[in-house]
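There are 2 protein chains.
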Amino acid sequence: MIKTIEWVDGVVRMIDQTRLPTEKVFVDCRTIEEVSLAIKTMIIRGAPAIGVAAAMGVSLGAEEILAEDFAGFYSQLEKKCAELARSRPTAVNLAWGIARMKRVASDNKDLALPDLKKRLRRESQTICDEDIAANQAMGAFGQTLIADGNNVLTHCNAGALATAGFGTALGVIRASVNAGKKISVLANETRPFLQGARLTVWELMEDNIPVKLITDSMAGHFMQKKQVDVVVVGADRIAANGDVANKIGTYMVAILAKNHNIPFYVAAPISTLDLSLASGEEIPIEERSADEVTTINNKRMAPEGAMVAHPAFDITPHQLVTAIITDKGIALPPFTETLKKLAG
Amino acid sequence: MIKTIEWVDGVVRMIDQTRLPTEKVFVDCRTIEEVSLAIKTMIIRGAPAIGVAAAMGVSLGAEEILAEDFAGFYSQLEKKCAELARSRPTAVNLAWGIARMKRVASDNKDLALPDLKKRLRRESQTICDEDIAANQAMGAFGQTLIADGNNVLTHCNAGALATAGFGTALGVIRASVNAGKKISVLANETRPFLQGARLTVWELMEDNIPVKLITDSMAGHFMQKKQVDVVVVGADRIAANGDVANKIGTYMVAILAKNHNIPFYVAAPISTLDLSLASGEEIPIEERSADEVTTINNKRMAPEGAMVAHPAFDITPHQLVTAIITDKGIALPPFTETLKKLAG
Numbered sequence: 000m001i002k003t004i005e006w007v008d009g010v011v012r013m014i015d016q017t018r019l020p021t022e023k024v025f026v027d028c029r030t031i032e033e034v035s036l037a038i039k040t041m042i043i044r045g046a047p048a049i050g051v052a053a054a055m056g057v058s059l060g061a062e063e064i065l066a067e068d069f070a071g072f073y074s075q076l077e078k079k080c081a082e083l084a085r086s087r088p089t090a091v092n093l094a095w096g097i098a099r100m101k102r103v104a105s106d107n108k109d110l111a112l113p114d115l116k117k118r119l120r121r122e123s124q125t126i127c128d129e130d131i132a133a134n135q136a137m138g139a140f141g142q143t144l145i146a147d148g149n150n151v152l153t154h155c156n157a158g159a160l161a162t163a164g165f166g167t168a169l170g171v172i173r174a175s176v177n178a179g180k181k182i183s184v185l186a187n188e189t190r191p192f193l194q195g196a197r198l199t200v201w202e203l204m205e206d207n208i209p210v211k212l213i214t215d216s217m218a219g220h221f222m223q224k225k226q227v228d229v230v231v232v233g234a235d236r237i238a239a240n241g242d243v244a245n246k247i248g249t250y251m252v253a254i255l256a257k258n259h260n261i262p263f264y265v266a267a268p269i270s271t272l273d274l275s276l277a278s279g280e281e282i283p284i285e286e287r288s289a290d291e292v293t294t295i296n297n298k299r300m301a302p303e304g305a306m307v308a309h310p311a312f313d314i315t316p317h318q319l320v321t322a323i324i325t326d327k328g329i330a331l332p333p334f335t336e337t338l339k340k341l342a343g
Numbered sequence: 000m001i002k003t004i005e006w007v008d009g010v011v012r013m014i015d016q017t018r019l020p021t022e023k024v025f026v027d028c029r030t031i032e033e034v035s036l037a038i039k040t041m042i043i044r045g046a047p048a049i050g051v052a053a054a055m056g057v058s059l060g061a062e063e064i065l066a067e068d069f070a071g072f073y074s075q076l077e078k079k080c081a082e083l084a085r086s087r088p089t090a091v092n093l094a095w096g097i098a099r100m101k102r103v104a105s106d107n108k109d110l111a112l113p114d115l116k117k118r119l120r121r122e123s124q125t126i127c128d129e130d131i132a133a134n135q136a137m138g139a140f141g142q143t144l145i146a147d148g149n150n151v152l153t154h155c156n157a158g159a160l161a162t163a164g165f166g167t168a169l170g171v172i173r174a175s176v177n178a179g180k181k182i183s184v185l186a187n188e189t190r191p192f193l194q195g196a197r198l199t200v201w202e203l204m205e206d207n208i209p210v211k212l213i214t215d216s217m218a219g220h221f222m223q224k225k226q227v228d229v230v231v232v233g234a235d236r237i238a239a240n241g242d243v244a245n246k247i248g249t250y251m252v253a254i255l256a257k258n259h260n261i262p263f264y265v266a267a268p269i270s271t272l273d274l275s276l277a278s279g280e281e282i283p284i285e286e287r288s289a290d291e292v293t294t295i296n297n298k299r300m301a302p303e304g305a306m307v308a309h310p311a312f313d314i315t316p317h318q319l320v321t322a323i324i325t326d327k328g329i330a331l332p333p334f335t336e337t338l339k340k341l342a343g
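Note that the protein sequences, when read in sequence, are chains S and V. Numbering that gives the first Met the number 0 numbers the first residue of the first sequence as 0 and each following residue consecutively. Numbering that gives the first Met the number 0 numbers the first residue of the second sequence as 0 and each following residue consecutively.
Think of the hints as simulated: they come from the structure by calculation, not from any bench. Hints may be right or wrong, so weigh each one.
For identical chains, the list gives no copy identity; a pair is met inside one copy or between any two copies.
[To be verified] Only pairs whose alpha carbons sit at most 30 Å apart, straight line, appear in this in silico DSSO-like list of lysine-lysine:
id, residue 1, residue 2
1, Lys257, Lys211
2, Lys339, Lys224
3, Lys298, Lys211
4, Lys224, Lys257
5, Lys327, Lys340
6, Lys181, Lys211
7, Lys224, Lys39
8, Lys23, Lys298
9, Lys257, Lys340
10, Lys298, Lys39
11, Lys225, Lys180
12, Lys225, Lys257
13, Lys116, Lys101
14, Lys78, Lys39
15, Lys116, Lys78
16, Lys23, Lys2
Construct the entire structure; sequences and hints are all you get.
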């Protein structure tokens, strides 16, 4: 089992997801700035994994702070955190991981700085461990929605690589397989970054779970051919009303599922929920570089000077979501009530 | 204006569409087998262009036949045509172009063989000329459906490059622009072969028509954002009931258009109609190589050994089609009646 992210001798080691599946290379981050860059360039991606990386990054940032007292320490920490928070805007887990680390710092202001730094390092590991446990809980809840023999379509990579391990959407699939169900997966390649082709197919093949790769444009065709029984995807942020921000193309899949009477499930830890936002319209959508669309393997696919749009995420309105699988249980509509209840 | 396909000194010259937009290279075909290979490998593609290439290919095939009499000539011609017809299964224009050339041969069986060969050469040029005229007629009819200021979404390339010139779907856009309307285009990149990114964006930029490239997975997002007023696509074969076979992903776009109350128009010459098929279910769908999905620029994007599906086309049921724009006029539902009438 490949570790997506872990502490190794005081450095944060990540598998470089931009180079999978052809190359298995690890990147070591020694500073919060390096973690920030790894998030920005998608060496690590996936909302829960970004949350863990953020926490570990904050710990690295805390480590190098020299201060007389807690106030001095905390003001420097806040500045570093603000910079890290800007690395990617859509996934709420980034802000969530940072906020949790800051809270732990505040809660332990009476510790001597070296002890506080150790406490923060420990907290980042706890967040990592909790993420895996949350995914396993999600899997246990979610697998009750998947029937033996189901063909499951997924978009992007909401797998072990998008988390500290086990995965959210792919965690539900893994738990279904572990429960003895025969499951096969259709993986959307997920242009432009090809997380489906490169990451989802790779990690399911590693686990010997049958997976077939398709282009995003084929999802409708295979639903029409009755080769999809259920859709499970992850989420980068969920608004209070159940609107879901996830990888661009998720909205398309949700519309297609609705039109073919196929259940559309979202699997995400409760930390993905942003109760401060009433609806998905308030979720910021990251616009990434045009090069990711026009250039593949350093070769231009579109003419020089072509105008390009590249929203990295879209919003799936809650009306298209059958259920949201969280680590605290399954939320059914009306989500405004059920999500609030699960969030406690 | 680049010629998609033309006779040059007795050879069939095509622009190599596998190498656009980065390289502008021409391929000369001297035999029917070379034309067949060019169709198979998508050096030339697009249903109407394939029809023209087929006719020119038959002429090349006829040229090299040595026979005592018409019966001997025709039996050899039939064999060559049967081989050519196998190059791609979905576009009916291939079979249509071949059938028309065979009919002209039969109709002129009393000519001396050298004269018959000249007659066939002339017919292939007529088919080429008629295709451009048909596209201009389609443009004239179709532009009445497009309003000033419209944002038009298109999928794949149904442009000058998919025809002898002017284009079907892009012909409607060109005619709208020529009629003084301000039009902007959203082009789906159209995985896996990227006809949108490589060909549609290129030919619209050549004509200074504003075009923005998006991945196929973004189409729904931009409809949700009200940045699409109308969809126009081409077709590879249309059944008697109006079901449309077109590039994989067209069905997805049609479902999305329906869900956003956006008109979905299909532009295709009447030769694309196959009245012998009651519905789209009878249209053969070409399954192309997995390599076109897993490998881009000779670099693998998916793990070695990954299972892949690659249907090159899908079927859009007539219920999702607002109107079919042909060179004989615009067909509205019920298509079974209106298409039959237009076909005469």
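Right, here's what the structure says about each hint:
| no. | hint | verdict |
| --- | --- | --- |
| 1 | Lys257 <-> Lys211 | both (22 Å within a copy, 28 Å between copies) |
| 2 | Lys339 <-> Lys224 | between (38 Å within a copy, 28 Å between copies) |
| 3 | Lys298 <-> Lys211 | both (26 Å within a copy, 19 Å between copies) |
| 4 | Lys224 <-> Lys257 | both (15 Å within a copy, 19 Å between copies) |
| 5 | Lys327 <-> Lys340 | within (10 Å within a copy, 61 Å between copies) |
| 6 | Lys181 <-> Lys211 | within (15 Å within a copy, 43 Å between copies) |
| 7 | Lys224 <-> Lys39 | between (38 Å within a copy, 26 Å between copies) |
| 8 | Lys23 <-> Lys298 | both (22 Å within a copy, 16 Å between copies) |
| 9 | Lys257 <-> Lys340 | within (26 Å within a copy, 36 Å between copies) |
| 10 | Lys298 <-> Lys39 | both (22 Å within a copy, 24 Å between copies) |
| 11 | Lys225 <-> Lys180 | within (19 Å within a copy, 42 Å between copies) |
| 12 | Lys225 <-> Lys257 | both (13 Å within a copy, 20 Å between copies) |
| 13 | Lys116 <-> Lys101 | within (12 Å within a copy, 84 Å between copies) |
| 14 | Lys78 <-> Lys39 | within (18 Å within a copy, 59 Å between copies) |
| 15 | Lys116 <-> Lys78 | within (16 Å within a copy, 81 Å between copies) |
| 16 | Lys23 <-> Lys2 | within (11 Å within a copy, 46 Å between copies) |
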